[in-house]
Amino acid sequence: MIISRYRLIHKACVTSALGLAIVLLTGLMPGIQAHAEYGDVVLNNTSKAAGMNPVIFPHWVHRMKYSCRACHESLGFKMKVGTSGITMQKIFAGEYCAVCHNGKVAFETAKCQLCHTGKKELPTQVHRSTKQTLVSPLE
Amino acid sequence: MNKQNQRWIILIVVSLFIMPLLGIAAEQAVPINRLLKPHKDENRLLKEDGIHDPANPELGKLKEPTEVLKTLEPGKSGNFVDWSASLEKGKIKPQYDAKDPSAQAMPMDLNVVIEVTGSAPNVLFPHAAHLKWLECNNCHTAIFEAKKGANKTSMEKILKGESCGVCHGSVAFPVNDCERCHSQKK
Numbered sequence: 001m002i003i004s005r006y007r008l009i010h011k012a013c014v015t016s017a018l019g020l021a022i023v024l025l026t027g028l029m030p031g032i033q034a035h036a037e038y039g040d041v042v043l044n045n046t047s048k049a050a051g052m053n054p055v056i057f058p059h060w061v062h063r064m065k066y067s068c069r070a071c072h073e074s075l076g077f078k079m080k081v082g083t084s085g086i087t088m089q090k091i092f093a094g095e096y097c098a099v100c101h102n103g104k105v106a107f108e109t110a111k112c113q114l115c116h117t118g119k120k121e122l123p124t125q126v127h128r129s130t131k132q133t134l135v136s137p138l139e
Numbered sequence: 140m141n142k143q144n145q146r147w148i149i150l151i152v153v154s155l156f157i158m159p160l161l162g163i164a165a166e167q168a169v170p171i172n173r174l175l176k177p178h179k180d181e182n183r184l185l186k187e188d189g190i191h192d193p194a195n196p197e198l199g200k201l202k203e204p205t206e207v208l209k210t211l212e213p214g215k216s217g218n219f220v221d222w223s224a225s226l227e228k229g230k231i232k233p234q235y236d237a238k239d240p241s242a243q244a245m246p247m248d249l250n251v252v253i254e255v256t257g258s259a260p261n262v263l264f265p266h267a268a269h270l271k272w273l274e275c276n277n278c279h280t281a282i283f284e285a286k287k288g289a290n291k292t293s294m295e296k297i298l299k300g301e302s303c304g305v306c307h308g309s310v311a312f313p314v315n316d317c318e319r320c321h322s323q324k325k
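Protein sequences appear in the order of chains A and B. This note's numbering numbers the first residue of the first sequence as 1 and each following residue consecutively. This note's numbering numbers the first residue of the second sequence as 140 and each following residue consecutively.
Be careful, since some hints might not be right.
As the list claims (entries may be wrong) - Here are the simulated DSS-like cross-link-like pairs (lysine-lysine), alpha carbons at most 25 Å apart as the crow flies:
hint	chain 1	residue 1	chain 2	residue 2
1	A	Lys90	B	Lys238
2	B	Lys299	B	Lys215
3	A	Lys78	B	Lys291
4	B	Lys296	A	Lys80
Claimed, not checked - From the derived model, a few chain A residues whose C-beta atoms are all more than 10 Å from chain B:
hint	residue
5	Gly39
6	Thr87
7	Gly103
8	Thr109
What the hints assert, rightly or not - DEER-style ranges, computed between Cβ atoms:
hint	chain 1	residue 1	chain 2	residue 2	range
9	B	Leu184	A	Asn102	25 to 35 Å
10	B	Ala224	A	Val14	49 to 59 Å
11	B	Glu254	A	Gly94	45 to 55 Å
12	A	Lys48	B	Pro193	17 to 27 Å
13	A	Lys78	B	Lys291	16 to 26 Å
No lab work stands behind these hints: they were computed from the structure. Computed from a prediction, not measured in an experiment: that's the story for all the values here. Virtual Cβ for every residue (Gly too), placed ideally from N, Cα, C.
All chains, please: the whole structure from these sequences, using the hints.
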């Protein structure tokens, strides 16, 4: 009788420890994910090969001052991430970002680290998009 | 130990094991779509957001979402900003054209009610709210035919980033804000 009681206590301890471990693990998991702003775009088509940090384009900053149309219609930015074919040559020639980022309307493009702010390993993506948050993310 | 005590101990042990599992289920349960992870977040500092490189010395010169976004109309999801309400109340005045500061939007006021096959309320699509940010050929005809009933869509397509999901779910308010689109009782 005494043995079985100890067994029960032992079982109770093991199962509750397991339960606690599961709760702690799931509680810690969101801490691993990134918490950037909705709509933050990471652009890393050519940055990695050039030894630069990827660009993070914050939609939220830009849409406070400009309509979607301002860039997505008149400046040639495509809606789908990574498909516009933006390169530094084009930007230095005054296209894309440089239409505003010219030192007059917004900071000039020579200030590399103001745009190339991403962590090195990040792939091209729209951060926190529905596609990205699906349990089985689409490519 | 009598049998009743034993039963109590077994009950406690079983419940100790099940309760955390219930907790996990609650954490992972999604009110709208089982494929979506739960939305539980807040605006963060850039250096703590997980994608900005904290070693970048220029990071301090950029605007912080925690500072700037709280000045706008609060929203339930996305950036936790209601961008349309912020525009309506004049808290932001987005320039319509990149090069011409005097260009003004000409929002066509045409509401389209889209009947929904499932149990959700019907969708009301307001052209006016969209045309304050966009122009006709942002959507027509690459994404939508300019004809009522010609654009069959589904939540699956939208979740995959097609149809409305080109913007809603990456920049415009996300799809877990159901009632903003599904607003018309059947």
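query: Does lysine 215 (chain B) lie within 25 Å of lysine 299 (chain B) when you go C-alpha to C-alpha?
result: Distance ~22 Å between lysine 299 (chain B) and lysine 215 (chain B) Cα, so the pair holds.
Does 49 to 59 Å hold as the CB distance between alanine 224 (chain B) and valine 14 (chain A), or does it fail?
53 Å, holds
Given hint lysine 238 (chain B) paired with lysine 90 (chain A) - CA-CA distance at most 25 Å
18 Å, holds
Review point. Taken at face value, is the distance from the CA of lysine 80 (chain A) to the CA of lysine 296 (chain B) at most 25 Å?
Key: 15 Å, holds
Does lysine 291 (chain B) lie within 25 Å of lysine 78 (chain A) when you go C-alpha to C-alpha? OK: lysine 78 (chain A) and lysine 291 (chain B) at ~23 Å, within 25 Å.
query: Non-interface claim for threonine 109 (chain A): all C-beta distances to chain B beyond 10 Å?
result: Fine: 13 Å to the nearest Cβ keeps threonine 109 (chain A) off the interface.
Supplied distance hint 45 to 55 Å, evaluated on CB atoms of glutamate 254 (chain B) and glycine 94 (chain A) | 48 Å, holds
Q) Are all beta-carbon distances from glycine 39 (chain A) to chain B longer than 10 Å? A) 4 Å, violated
Practice prompt. Just double-check glycine 103 (chain A) for me: nearest Cβ-Cβ distance to chain B has to come out over 10 Å.
Written response: Holds, since 15 Å exceeds 10 Å.
Evaluate the given range 17 to 27 Å for the C-beta pair formed by lysine 48 (chain A) and proline 193 (chain B). 19 Å, holds
Worksheet item: Has the hinted range 25 to 35 Å been met by the Cβ atoms of leucine 184 (chain B) and asparagine 102 (chain A)?
Response: The hinted range 25 to 35 Å holds for leucine 184 (chain B) and asparagine 102 (chain A), with Cβ atoms some 29 Å apart.
Checklist entry - Holds or violated: 16 to 26 Å for the Cβ distance of lysine 78 (chain A) and lysine 291 (chain B)? => result Between lysine 78 (chain A) and lysine 291 (chain B), where Cβ atoms are some 24 Å apart, the hint holds.
Comparing the model with each earlier hint shows a violation of hint 5 alone; every other hint is respected.
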